[in-house]
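> Chain by chain, the residues run as shown.
6 protein chains.
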Amino acid sequence: MIITARLTFSAAHRLNNPKYDADWNRRVYGKCDNPRGHGHNYVIHVSVKGKIDAETGMVIDLKVLKDVVRRRVIDRVDHTNLNEDVDFLQGVIPTAENLARAFWQQLAPAITEGTLHEVLLQETEKNSVVYRGEDE
Amino acid sequence: MIITARLTFSAAHRLNNPKYDADWNRRVYGKCDNPRGHGHNYVIHVSVKGKIDAETGMVIDLKVLKDVVRRRVIDRVDHTNLNEDVDFLQGVIPTAENLARAFWQQLAPAITEGTLHEVLLQETEKNSVVYRGEDE
Amino acid sequence: MIITARLTFSAAHRLNNPKYDADWNRRVYGKCDNPRGHGHNYVIHVSVKGKIDAETGMVIDLKVLKDVVRRRVIDRVDHTNLNEDVDFLQGVIPTAENLARAFWQQLAPAITEGTLHEVLLQETEKNSVVYRGEDE
Amino acid sequence: MIITARLTFSAAHRLNNPKYDADWNRRVYGKCDNPRGHGHNYVIHVSVKGKIDAETGMVIDLKVLKDVVRRRVIDRVDHTNLNEDVDFLQGVIPTAENLARAFWQQLAPAITEGTLHEVLLQETEKNSVVYRGEDE
Amino acid sequence: MIITARLTFSAAHRLNNPKYDADWNRRVYGKCDNPRGHGHNYVIHVSVKGKIDAETGMVIDLKVLKDVVRRRVIDRVDHTNLNEDVDFLQGVIPTAENLARAFWQQLAPAITEGTLHEVLLQETEKNSVVYRGEDE
Amino acid sequence: MIITARLTFSAAHRLNNPKYDADWNRRVYGKCDNPRGHGHNYVIHVSVKGKIDAETGMVIDLKVLKDVVRRRVIDRVDHTNLNEDVDFLQGVIPTAENLARAFWQQLAPAITEGTLHEVLLQETEKNSVVYRGEDE
Numbered sequence: 068m069i070i071t072a073r074l075t076f077s078a079a080h081r082l083n084n085p086k087y088d089a090d091w092n093r094r095v096y097g098k099c100d101n102p103r104g105h106g107h108n109y110v111i112h113v114s115v116k117g118k119i120d121a122e123t124g125m126v127i128d129l130k131v132l133k134d135v136v137r138r139r140v141i142d143r144v145d146h147t148n149l150n151e152d153v154d155f156l157q158g159v160i161p162t163a164e165n166l167a168r169a170f171w172q173q174l175a176p177a178i179t180e181g182t183l184h185e186v187l188l189q190e191t192e193k194n195s196v197v198y199r200g201e202d203e
Numbered sequence: 068m069i070i071t072a073r074l075t076f077s078a079a080h081r082l083n084n085p086k087y088d089a090d091w092n093r094r095v096y097g098k099c100d101n102p103r104g105h106g107h108n109y110v111i112h113v114s115v116k117g118k119i120d121a122e123t124g125m126v127i128d129l130k131v132l133k134d135v136v137r138r139r140v141i142d143r144v145d146h147t148n149l150n151e152d153v154d155f156l157q158g159v160i161p162t163a164e165n166l167a168r169a170f171w172q173q174l175a176p177a178i179t180e181g182t183l184h185e186v187l188l189q190e191t192e193k194n195s196v197v198y199r200g201e202d203e
Numbered sequence: 068m069i070i071t072a073r074l075t076f077s078a079a080h081r082l083n084n085p086k087y088d089a090d091w092n093r094r095v096y097g098k099c100d101n102p103r104g105h106g107h108n109y110v111i112h113v114s115v116k117g118k119i120d121a122e123t124g125m126v127i128d129l130k131v132l133k134d135v136v137r138r139r140v141i142d143r144v145d146h147t148n149l150n151e152d153v154d155f156l157q158g159v160i161p162t163a164e165n166l167a168r169a170f171w172q173q174l175a176p177a178i179t180e181g182t183l184h185e186v187l188l189q190e191t192e193k194n195s196v197v198y199r200g201e202d203e
Numbered sequence: 068m069i070i071t072a073r074l075t076f077s078a079a080h081r082l083n084n085p086k087y088d089a090d091w092n093r094r095v096y097g098k099c100d101n102p103r104g105h106g107h108n109y110v111i112h113v114s115v116k117g118k119i120d121a122e123t124g125m126v127i128d129l130k131v132l133k134d135v136v137r138r139r140v141i142d143r144v145d146h147t148n149l150n151e152d153v154d155f156l157q158g159v160i161p162t163a164e165n166l167a168r169a170f171w172q173q174l175a176p177a178i179t180e181g182t183l184h185e186v187l188l189q190e191t192e193k194n195s196v197v198y199r200g201e202d203e
Numbered sequence: 068m069i070i071t072a073r074l075t076f077s078a079a080h081r082l083n084n085p086k087y088d089a090d091w092n093r094r095v096y097g098k099c100d101n102p103r104g105h106g107h108n109y110v111i112h113v114s115v116k117g118k119i120d121a122e123t124g125m126v127i128d129l130k131v132l133k134d135v136v137r138r139r140v141i142d143r144v145d146h147t148n149l150n151e152d153v154d155f156l157q158g159v160i161p162t163a164e165n166l167a168r169a170f171w172q173q174l175a176p177a178i179t180e181g182t183l184h185e186v187l188l189q190e191t192e193k194n195s196v197v198y199r200g201e202d203e
Numbered sequence: 068m069i070i071t072a073r074l075t076f077s078a079a080h081r082l083n084n085p086k087y088d089a090d091w092n093r094r095v096y097g098k099c100d101n102p103r104g105h106g107h108n109y110v111i112h113v114s115v116k117g118k119i120d121a122e123t124g125m126v127i128d129l130k131v132l133k134d135v136v137r138r139r140v141i142d143r144v145d146h147t148n149l150n151e152d153v154d155f156l157q158g159v160i161p162t163a164e165n166l167a168r169a170f171w172q173q174l175a176p177a178i179t180e181g182t183l184h185e186v187l188l189q190e191t192e193k194n195s196v197v198y199r200g201e202d203e
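Here the protein sequences line up with chains Y, H, B, C, L and F, keeping their order. When the letters of the first sequence are read in order and numbered with this note's numbering, they come out as residues 68 to 203. When the letters of the second sequence are read in order and numbered with this note's numbering, they come out as residues 68 to 203. When the letters of the third sequence are read in order and numbered with this note's numbering, they come out as residues 68 to 203. When the letters of the fourth sequence are read in order and numbered with this note's numbering, they come out as residues 68 to 203. When the letters of the fifth sequence are read in order and numbered with this note's numbering, they come out as residues 68 to 203. When the letters of the sixth sequence are read in order and numbered with this note's numbering, they come out as residues 68 to 203.
Hint data in this document are derived by calculation from the structure and do not stem from the laboratory. Treat the numbers as computed from the prediction; the structure is a model and nothing was measured. A couple of the hints might just be wrong.
To be verified - Once the Cα atoms are required to be at most 25 angstroms apart in a straight line, the calculated PhoX-like pairs of lysine-lysine come out as:
(1) B:Lys98 to L:Lys133
(2) L:Lys133 to H:Lys130
(3) H:Lys133 to H:Lys118
(4) H:Lys193 to B:Lys130
(5) Y:Lys193 to C:Lys130
(6) C:Lys133 to F:Lys133
(7) F:Lys193 to H:Lys130
(8) F:Lys118 to Y:Lys98
(9) Y:Lys193 to F:Lys130
(10) C:Lys133 to B:Lys118
(11) C:Lys193 to H:Lys193
(12) C:Lys118 to C:Lys193
(13) B:Lys193 to B:Lys98
(14) C:Lys130 to F:Lys133
(15) C:Lys98 to C:Lys116
(16) Y:Lys116 to Y:Lys98
(17) H:Lys193 to H:Lys98
(18) F:Lys98 to H:Lys133
(19) F:Lys116 to F:Lys98
(20) F:Lys133 to F:Lys116
From just these sequences and the hints, can you work out the full model?
Structure below.
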């Protein structure tokens, strides 16, 4: 059984790898490399897998799950600049892929009922990523 | 190949385990334990897995699939109180998890082309569960 | 200029006019008259009309608007039974129309920047009502 | 008859009035005043009002309408920092209200079939503004 | 008070004015002039305006409204070719504008509680039209 | 890590197997067998699975992925009649299942970073199919 909570946050970011020059970055990231940044309304779906507790009828208390996601992710990234404001994203190029993996790393140890199954991150209504901890 | 039908129903429910006292229920279920109930517009996605029939180009006739879901689930839960009105939910705490499993049990034997792959149940736009028969 | 905030709540209700007998109610309200109730995820859009303040660039501070809607409507109706639990709905048949008008009456006096322009209430993804204070 | 085109763009912004000090700005704009910015996926609905042309069956050619919106708004704001990168927003605090009015001013003179009726701008799924040229 | 019902249908169409030659039609309608047609999932929102009936709490019974829309529009256009299959569209170029007006003409005389206020027709998620009977 | 791009197209189609007579086709496909066709706004989600490139932070450049989908699928099916206009669909009954498999066959060889993981095709808001190459 998988239970999923959906939360949102809004943030600015710039895609740029400082190890490479402006030409490389413009070629790889296009307009996402704008030095003054751009931004998104991100949607995050956090899924936990586990057995249904016979007494509560729940895999994990949804309030507990949402509190974990708010405390460990949303409150630290909402209304921020992802390149500059977030401690656990220092040195991370804030692509959707890297964000999903970083969010997973923040969330996985904090899920104590069931286990973290999936982090789905929508950057826009036209693109999203799914991470299930495969590279850990 | 997986084919999915999306249907909706509206129902009232109360989360409460009668084996426990009011304090336990309030602590576990919070405002979902309101004795006079609350309610939701549920969205159910029913997925069937199978091979494409070469003659019809279909895994299962979508009309047949929807008829099964309507007859075995929607018509029995729509505009009801899930705690009191539904025969196959007697004694079941109507959490999204328990509902998804109960709907699976109603649907799985009735799918005769392909096999039931997944029941996804959205309780609100902010939470959902997925059940694939794992505990059966 | 019109600014709109979107909020949600979940509630149970039953459509029934106690002045009439069971036959009348069943004929008028159909399955919505189920004595044990059913429920919905309601979506409310509250719109305020006014001039843009030159200093703030805002018609009304969205946080203020949302706080008003939460305090005067959402916190009093969310996870309730609309027929029994809500003081300002005593004696009101909780149709979408009556709810929208009752919410308007709760909100209009509390909007102090600009004026309340519209309450849009979605009961399901297939039906909604709009009220703009016409009958007041 | 009103015809509406829906387009999207992503941008960073900061809400801050440089005429006032940090305290005023923090009190008025809260976390939207983050100096390094945040961002949104904006959705813009541009509506044109007019009569149906009897020969074409159209109020305005949708391709023409979309081209105007792309050329005069989307291409100039997408993947930008609204505080710094956009010529027609110099000196404008980029609230949704001010953006909608600025977009109206860019669009109104360029609509040559029918007349601009409404600019609806969604900043997030929870808030939006509507401008119909009232203050012009 | 305005009440709105949302319904859907799927249909094929081709935009072409037989009074003009192929060049004119290609220039005006582009790929929408494909001789073998293309198609859409249309969404129709039908709004009725009226006073709330004190006995029922309703402007119009939603079931009655939906039945009217189904009988007079949906059942006649769903899974059809709009250029060829629909009696009340004979000789009408099936642009969204012309469809909305034709649907209005079918619906307005059939609304007996309240009056028809608006027909909103979405052709795709990116474009829609609104008709309120202005040219009648 | 899985990355998904969402694109849309509009097309007409008719479900009919020419090997069988009119009765068989009407029984199997119902109103979808209308000889003059009907149509849909299709939504396609194309998912690619792979490792995050450490230099770019991406599994695959989203622009590259979208270009592949546009060139190999969207540009060939948008605003067409799927039964008649599309070379790679000759002889294919255009059910959602057959379309998803045909799109997979067009896309899989063209994905050069990561591998094609899934094609999800929504025909309407009420039904969709998922194909992951199982029968290849």
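> Look at each hint and say if it fits the structure.
Here is how each hint holds up against the structure:
{"no.": "1", "hint": "B:Lys98 to L:Lys133", "in the structure": "holds (16 angstroms)"}
{"no.": "2", "hint": "L:Lys133 to H:Lys130", "in the structure": "holds (21 angstroms)"}
{"no.": "3", "hint": "H:Lys133 to H:Lys118", "in the structure": "holds (19 angstroms)"}
{"no.": "4", "hint": "H:Lys193 to B:Lys130", "in the structure": "holds (21 angstroms)"}
{"no.": "5", "hint": "Y:Lys193 to C:Lys130", "in the structure": "holds (21 angstroms)"}
{"no.": "6", "hint": "C:Lys133 to F:Lys133", "in the structure": "holds (21 angstroms)"}
{"no.": "7", "hint": "F:Lys193 to H:Lys130", "in the structure": "holds (11 angstroms)"}
{"no.": "8", "hint": "F:Lys118 to Y:Lys98", "in the structure": "holds (24 angstroms)"}
{"no.": "9", "hint": "Y:Lys193 to F:Lys130", "in the structure": "holds (11 angstroms)"}
{"no.": "10", "hint": "C:Lys133 to B:Lys118", "in the structure": "violated (28 angstroms)"}
{"no.": "11", "hint": "C:Lys193 to H:Lys193", "in the structure": "holds (13 angstroms)"}
{"no.": "12", "hint": "C:Lys118 to C:Lys193", "in the structure": "violated (33 angstroms)"}
{"no.": "13", "hint": "B:Lys193 to B:Lys98", "in the structure": "holds (16 angstroms)"}
{"no.": "14", "hint": "C:Lys130 to F:Lys133", "in the structure": "holds (21 angstroms)"}
{"no.": "15", "hint": "C:Lys98 to C:Lys116", "in the structure": "violated (38 angstroms)"}
{"no.": "16", "hint": "Y:Lys116 to Y:Lys98", "in the structure": "violated (38 angstroms)"}
{"no.": "17", "hint": "H:Lys193 to H:Lys98", "in the structure": "holds (16 angstroms)"}
{"no.": "18", "hint": "F:Lys98 to H:Lys133", "in the structure": "holds (16 angstroms)"}
{"no.": "19", "hint": "F:Lys116 to F:Lys98", "in the structure": "violated (38 angstroms)"}
{"no.": "20", "hint": "F:Lys133 to F:Lys116", "in the structure": "holds (15 angstroms)"}
When the structure is compared with the earlier hints, violations turn up for hints 10, 12, 15, 16 and 19 and for no others.
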